[in-house]
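In case you want the letters, here they are:
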Amino acid sequence: MTARKDLSERALGVLLLTPAALLLAAIVVYPVATLLWTSLTGVDNANPGAGEKFVGFDNYLRAFDDDRFWHSLWQTVVYVAVTVPAALLVGLGLALLANRPFRMKWPVRLGLLLPWALPLVFAGLIFRWFFEYQTGVVNDLLATVGIAPQNWLSDPTLATVAICTAIVWKASSFMALMLLAGLQTIPRSLYEAAEVDGATAWQQFVEITLPMLRPAIFVALIFRTITAIQTFDIPYAMTGGGPGDSTETLAMYIHKTTLDFLDFGYGSALAALMFLLSMAATSGYLRYTRRSAGREER
Amino acid sequence: MRLIFIALTVAALALPASAQQQQQTTLRIFTGGQQRPDVMRKIADEYQKKNPNVKIEVEVGGATSEAQQQYLTTVLSSKDSALDVILIDVIRPAQWAAQGWAEPLDAYLGSDKAKILPAYLKAYADADQVGGKLVALPYFADAQFLYYRKDLLDKYKRPVPKSWDEMMETARVILDGEKNPQLQGFSTAGAPIEGTVCTYLVPLWGTGSDIVKDGRLNLDTVEARQPFQLYGRMKQAGVLPKNIAEIPTDRIRVDFQAGNVVFAQNWGYFWNRVENDADTKVKGKVGVTILPHDQGGKSATCIGGWQLAVSAYSKNKQEAVKFARWLSSPEVSKMQAVLASHLPVFPSVYRDPEVLAANPWFADALPVVETAKSRPVSAQYPQVSDAIRSNMNAYLAGTKTTDGALADMKSRLKPLYK
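Residue numbers (the numbering used here), protein chains in the order written: chain L, -13 to 284; chain U, 2 to 419.
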């Protein structure tokens, strides 16, 4: 009797899950599977009429010999290494400010939201105008203190600095929003108790705020790292990858390989490699959080 | 009175109804933001008047050739039937033929093909036929010219320069005399975009050499270094804008019409804008001539222009071909010349009095367009272009030397020219 009931309940469960599973299969599994399959095929674009043929792991092996892949990967790593910590610091500062008790909270919250709500390409174009050689506000400011105008968008180092600035500006607000949500879950009573015990503001920050905020920080870091690995829009709008290919990211190279060069096989293989990179970064964070959570329980 | 009113109302109501009984076809034409979509709209309205059964929708794409193609690649790779007629850059027919995106027009034209083609400028009739198949029809011609500030040349009593060195010298004299820190001597496309391919090719062609010779890569020559050396000298002389590696095609026009450029290398559309835009400061002060060359060399220029392809996935191919054929007629060529200073694709239209009244320089433009050269023709043109422009851009930015840029260009082009 109970066995049959279990069975019918299980059947009902399967029935209820089926629509969601089918939807996921259609919008996640199918495209990913297609991408992986495409990455194992190749088309001769000098003669696309010959059709695509199975080439095994050739596309992946090709990446290891491709200087442009390594350079764009390196450039992506630079953007991750610079913008993830920088956006965390700026975002934390903004969240702490926004969390202070004061009247008229909404203009501050709105100000925090705006950069996040702005489409990435717009942010890229706005910063491109800021850093423009002749008419940009940055060179204008430099001129007022007697510094000669700089080639912000056509010098590889300066262009990287300009792009990182734009990314940090854009990403900090999302960081701040996530951290602000975390800050608001910390009970006020903890701070009141600490004050009674004579803890300084800094001690309260280090001993209460930071540890309590840790889960929020990790979630924010995971999100930021994954989007940093996928950096595309802002450098695309600001420099188009130039000068040469010096500011080109992996995502931009994938876009170029696929949509400009029509090399769908190689582009898919590069995309699969980028996916592996995101997976590695995320699982690194997750392992760290799990380990530290385990330590606390002990 | 009342009866007449009723009769008129009934007639007015009946008219569109009978028109609706005729089959209504909607055609969608795609054009880039730089190819004067406003003029395309006017031309399409004209067509609608003549063909009341056809409704034309104009879809406007990105400003650059690359941005347009990226969008078109997604549309056409997914075999989407949304677009019927598509304006494509002159560099694309080979790729479009290879990918099967363009409906071959031979069968639709039949015996007309042999009649129509000889009327066009030869370069376009050639560019639009790939492997003997007609993949597109010419819409408007284009080539790069040297635009200059007549008033400044007069002020310093300098002749219109014939050679690059002469141009550099004149630019230097004017820059020294004007003492305007905003003023640029010579501007050309330097950003990592399609136009920068011509920035490399024009001086190379001026030497009589080319990137490809008899189907093989031809970059181990002294001439292949010449463009880098030329721009290197210009940079040293302070004639190029300091941010040359950031400058896309239309930025040159913006700077020029603000009065900040002495010499500019640009396409035909430039004239109409710098002479007619509301904010132009150089109206009546602009001269146009053939591009300079090396001492002892010959002036060369890059051929441009836009072609009308019929999408292989269109559901109204008959009507689309009919519309494309009309767009590619002397009548429309003339409309474009007058409204947008688009260079005609028919030699005869260059001598039309109305066209000449709007563009006095067209009389001298014909021989330039007739001798303009094509960028390398390849089914993999985007890779060819990327190899040239990214290295030219890196050289202009000062991140690569002549040797470095040329070596990288060669190594990227080599797999494409086996």
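Read the hints as simulated data drawn from the structure, not as lab findings. Just so you know, these numbers come straight off a predicted model, no measurement behind them. There could be a bad hint or two in this list.
In silico DSS-like cross-links for lysine-lysine, where the CA-CA straight-line distance does not exceed 25 Å [claimed, not checked]:
no. : chain 1 : residue 1 : chain 2 : residue 2
1   : U       : K415      : L       : K39
2   : U       : K316      : U       : K51
3   : U       : K323      : U       : K116
4   : U       : K282      : L       : K39
5   : U       : K151      : U       : K80
6   : U       : K163      : U       : K374
7   : L       : K39       : U       : K80
8   : U       : K56       : U       : K180
9   : U       : K56       : U       : K316
Part of the chain L face toward chain U, derived, beta carbon under 7 Å [stated by the list, open to error]:
no. : residue
10  : D(-8)
11  : G28
12  : N31
13  : G37
14  : A223
15  : D231
Glycine is no exception: its CB is placed at the ideal position from the N, C-alpha and C atoms.
Would you pick out the hints that fail for this structure and give their numbers low to high?
4, 5, 8, 10, 11, 13, 14
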